[in-house]
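J.: Sequence:
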Amino acid sequence: MMEQTMLKIKGLSVSYEERKALQEINLEVTSGKIVCIVGESGAGKSTLLKAITGYRDLTVEAGQIFLGDQEITTRPGAKQNHLLGEAIGVIPQNPAGSFNPIRRYEPQIRETLRSHHMVYERERVIKAFASTGLHHAEEILAQRPYELSGGMNQRVAVAAAMLLEPKLLLCDEPTSALDVNTQDLVMEEFVRINRESGTTILMVTHNLGLAGKIADSIAIMARGKIIEQGEAHAVISAPKEAYTRKLIDDVPKL
Numbered sequence: 137m138m139e140q141t142m143l144k145i146k147g148l149s150v151s152y153e154e155r156k157a158l159q160e161i162n163l164e165v166t167s168g169k170i171v172c173i174v175g176e177s178g179a180g181k182s183t184l185l186k187a188i189t190g191y192r193d194l195t196v197e198a199g200q201i202f203l204g205d206q207e208i209t210t211r212p213g214a215k216q217n218h219l220l221g222e223a224i225g226v227i228p229q230n231p232a233g234s235f236n237p238i239r240r241y242e243p244q245i246r247e248t249l250r251s252h253h254m255v256y257e258r259e260r261v262i263k264a265f266a267s268t269g270l271h272h273a274e275e276i277l278a279q280r281p282y283e284l285s286g287g288m289n290q291r292v293a294v295a296a297a298m299l300l301e302p303k304l305l306l307c308d309e310p311t312s313a314l315d316v317n318t319q320d321l322v323m324e325e326f327v328r329i330n331r332e333s334g335t336t337i338l339m340v341t342h343n344l345g346l347a348g349k350i351a352d353s354i355a356i357m358a359r360g361k362i363i364e365q366g367e368a369h370a371v372i373s374a375p376k377e378a379y380t381r382k383l384i385d386d387v388p389k390l
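FYI, in the working numbering the residues of the sequence shown are 137 to 390.
These are calculated hints, taken from the structure and not from any lab test.
Everything numeric in this text was worked out from a predicted model, so none of it was measured.
Don't take each hint at face value.
[Unchecked claim] Restricting the straight-line Cα-Cα distance to at most 27 Å, the calculated cross-link-like pairs of lysine-lysine (DSS-like) are: (1) Lys146 with Lys376; (2) Lys349 with Lys144; (3) Lys382 with Lys349; (4) Lys361 with Lys144; (5) Lys361 with Lys169; (6) Lys361 with Lys382; (7) Lys146 with Lys361; (8) Lys144 with Lys263; (9) Lys361 with Lys349; (10) Lys349 with Lys156; (11) Lys361 with Lys156; (12) Lys303 with Lys156; (13) Lys376 with Lys303.
Throw the hints in and build the complete structure from the sequences for me.
T.: Here is the structure:
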């Protein structure tokens, strides 16, 4: 069976406040796969995700972005918002910023599901919470974001995104605020939804060790460019670039 392309980026160059942020990005994400973009802080990883979602403060200087056969490089606001709900889910680096800090979680999640024409089913929500290690979902749904830690907010954001069942899930450092055990739990959940629902996942992270555990393929970013990419095993076992070898050497050997 011929593999289909979920996301294709061709020659993408982007600037932010007249400063070049991305240069000649070429990336292809196959439907049903997990792709991790790895690099240190400031490499341009989060900027790439913002470019895909049409972040308005970025200027696309060259290149194209395709979701399937549909070009999404530049879209009017309403169409972009529709796309982000129906086809693309986003787990941000700062999950607390995605929620209204003074409103309880339950009405916010209910409204999110309804806005995407989905029925709010409490048992399904509780199950999604439990899958990310939130075993007191009844209590959490009655709480507000400011009452929980950054790690707890991150897990709620992961669960909320998974409830939308997007075709493509963009994850911006989804485990950065979590402890090691919870990181593994959340990563296992990403693999589960990928295998069971076929959701394509594009994740950015500075942690090459975590990427190596779940990714089908890995792209290495530095200074706004993708400097190396390929199957995860090949990139980790036989890196071509010195920067990639440095990232591998920085992974703790336990």
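J.: Please write out, lowest number first, the hints stated earlier that are contradicted by the structure.
T.: Of the numbered hints, 8, 10, 12 and 13 do not hold.
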